[in-house]
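Put chain C on the given structure of chain Z with help from the hints.
Chains as they are written, first to last, in our numbering: chain Z, 140 to 371; chain C, 31 to 428.
If you are wondering where the hints come from, they were derived from the structure by calculation, not from laboratory data.
The beta-carbon is built from N, C-alpha and C at its ideal position, and this holds for glycine as well.
Wrong hints could be hidden among the right ones.
What the hints assert, rightly or not - Derived DEER-like restraints, expressed as beta-carbon distance ranges: (1) 403(C) / 153(Z): 39 to 47 angstroms; (2) 313(C) / 159(Z): 27 to 35 angstroms; (3) 259(Z) / 367(C): 24 to 32 angstroms; (4) 375(C) / 214(Z): 56 to 64 angstroms; (5) 416(C) / 258(Z): 30 to 38 angstroms; (6) 35(C) / 344(Z): 52 to 60 angstroms; (7) 158(Z) / 404(C): 43 to 51 angstroms.
As the list claims (entries may be wrong) - Per the computed footprint, the stretches of chain C lying under chain Z, defined by three or more beta-carbons under 8 angstroms from a beta-carbon of chain Z, are: (8) 37-48; (9) 337-345; (10) 348-357; (11) 415-426.
What the hints assert, rightly or not - Quick list of in silico lysine-lysine cross-link-like pairs, DSSO-like style, CA-CA up to 30 angstroms: (12) 322(Z) / 367(Z); (13) 213(Z) / 419(C); (14) 322(Z) / 213(Z); (15) 419(C) / 202(Z); (16) 153(C) / 110(C); (17) 228(Z) / 419(C); (18) 39(C) / 259(Z); (19) 172(C) / 258(Z); (20) 166(Z) / 259(Z); (21) 333(Z) / 258(Z); (22) 228(Z) / 258(Z); (23) 213(Z) / 228(Z).
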Amino acid sequence: MEILRIEGLSKIFGSGHLEVRALEDIKLSVSEGDLVALLGPSGSGKTTLLLCISLILDPTGGKIVFDGQTIFQKNGWAGVDVRRTRREKIGFIFQSHNLIPFLTAKQNVLFPLSLIGLKKEEAESRAMELLRYMEIVDRADYLPALLSGGEQQRVAVARALANNAKLILADEPTASLDTSRGKKVMELLKKIAKENRSAVIVVTHDVRMIEGFDCVYQLKDGRIVDEKTNSA
Amino acid sequence: MDLAVYDLKLHRGRFIATVLGVGLLFTIVLAMNGLYRGNIHEGLALIKATNPDLWVVERYRGGPFNEQSTLPEFYHYSVKAMAGVEKASPFIYYTVERPIGAKSQQFSIIGFDIFGGLGGPQKIYAGRNIEQAHYEMVAHPKLGARVGDRIPLGIHLYTVVGLTREAVSSNGDPLVYLSLPDAQEVLFQRDNEQMRNQRERLLRTLSGQSYLSPSQSEKLLPQLQSDTHIINAILVRLKPEVNRAEVARDIEKWLYLSAFSTEEELALMLKGRLASMAKQLLLFRTLLLIISVIIVSLVIYTFTMEKIRSIAVMKLLGAPNWVIIRMVMEQSLLLTIGAFLFGLALIHNTYQLFPRTLLLIPDDDLVTFIVAFAGGIIASILGLWHALKTQPAMALGG
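Excised from the complex, chain Z in its bound form (with noise of 0.2 angstroms):
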């Protein structure tokens, strides 16, 4: 089942002689248990292609369907709530994990589900069968800056998968991370896509990585220049 169509998307920064193509006729499409990259190089637009996707940046031109209703088109959003549709069906995990620092690792888990409005006994249920899914129940009571990088990255995926997001959207998230420890995040990407039946989209510069995609979206100058599918 298609999660997410875009077809022409196109964004255009300043006006007149300052007018920068950031993105220009984007199209994609990814489907549930996919695993999909936007390879590119530094000011490539892939970025700014995922702030469009993320409902952060309104794009110029082009149109968008998620979860099989037309979001973006022409004119704007179509009458969504952004954050509500954030909150509820999209997750994110972050180059540099983002865990809010006042909160253990529990709690980061249950904020995005207290944003939904779950009851309080289901929302630590939930949360605390998601950190033992990631391996990290016994650091539920930790705050960020008492867990490694590795732990921190395994909250950040639990509090990701919080809402039972249709759409994950990872930014960098084996930049900082050697070979081995890459690799790892990438199988745990996957295995989320597949068992969760969530689409994963990796915002990424990171070559060493690209054989474990479904599909990777090459971008150049805000254009998709290339785009390769990975048969399983």
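Below, chain C without anything else, positioned relative to chain Z:
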């Protein structure tokens, strides 16, 4: 999920330090409230305790407390003779500084007619009232004297026969009640050397007059000594069912004096001596509250700026604005309320250590709390403004 509390737990050291610092500012604000009330209370206490029907003072003077008023003592006979007046008593009031025990102390002396006159101490809680015409006193316990103590004033020793805490002087000094002649003597009695000099000077002036022989000058000398039968006011009790305003008008018209009711006397103080003090304390309190709000707002701004990336993450995860607003505002209010409660507890446990009377009343505490609470909300505005304009995109990237 109470994000504000979790954040403060992580920064509890800084939070507590700020609460203590701002709390001390609130302590000063509350102390000034108490000082204001205390000054008003003390400034009016003697007038309220004395409470005659009329205060008769020198014409066009707002005396005897708000302004100096000087009258010859015998004027009280004239006032007594006015229609409607039941009793008219001479009254003298002045401030002195004299050594009491080991230290020099400022206090106010009241001289009154001890034989049934008005203006004496009403409630004596230890000892008795003055019964002898001379050398007895009733004192306020703040003077540090006990019943039976003998205190030197001028050239005589005065025995403390009673203690009263009914009132203090308008500037908070303890009161000492003396018989009128004693009070006049303490006020006007001069040093022997000074008296000799004055006599010499006067004699020389008289001797220079060609129409006076030396023996005539000598004879005239006692008549020309300065008069010590001076009072500051005449306290009047009216006969029952007499119109006070009419009697006051008659006194002003026929005796060329001014007469005020106790209410008017209180109003004179409130609009006069106490008004500038009240304005000054109000200004200080306002400034301190503004400083408190600025400090809280800077602390909250710093707290907010430190977690700006977390706020961006929260927004990216879809947190509605109210979650962010609640976090910032709750921190500001926790800080303000914590500081206020610390200040309140501190002042209520230390007010007796202040040299001036602090009169702490719940209404003032409540009003200060409301102002502080509003200040706490205002203080969070800067942090809120920054938090709300934070872009969720800030969470992305390394």
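So, going through the hints one by one against the coordinates:
| no. | hint | verdict |
| --- | --- | --- |
| 1 | 403(C) / 153(Z): 39 to 47 angstroms | holds (46 angstroms) |
| 2 | 313(C) / 159(Z): 27 to 35 angstroms | violated (56 angstroms) |
| 3 | 259(Z) / 367(C): 24 to 32 angstroms | holds (26 angstroms) |
| 4 | 375(C) / 214(Z): 56 to 64 angstroms | holds (60 angstroms) |
| 5 | 416(C) / 258(Z): 30 to 38 angstroms | holds (33 angstroms) |
| 6 | 35(C) / 344(Z): 52 to 60 angstroms | violated (40 angstroms) |
| 7 | 158(Z) / 404(C): 43 to 51 angstroms | holds (48 angstroms) |
| 8 | 37-48 | holds (count 4) |
| 9 | 337-345 | holds (count 6) |
| 10 | 348-357 | holds (count 4) |
| 11 | 415-426 | holds (count 5) |
| 12 | 322(Z) / 367(Z) | holds (19 angstroms) |
| 13 | 213(Z) / 419(C) | holds (26 angstroms) |
| 14 | 322(Z) / 213(Z) | violated (39 angstroms) |
| 15 | 419(C) / 202(Z) | holds (27 angstroms) |
| 16 | 153(C) / 110(C) | holds (26 angstroms) |
| 17 | 228(Z) / 419(C) | holds (24 angstroms) |
| 18 | 39(C) / 259(Z) | holds (21 angstroms) |
| 19 | 172(C) / 258(Z) | violated (64 angstroms) |
| 20 | 166(Z) / 259(Z) | violated (41 angstroms) |
| 21 | 333(Z) / 258(Z) | holds (27 angstroms) |
| 22 | 228(Z) / 258(Z) | holds (18 angstroms) |
| 23 | 213(Z) / 228(Z) | holds (23 angstroms) |
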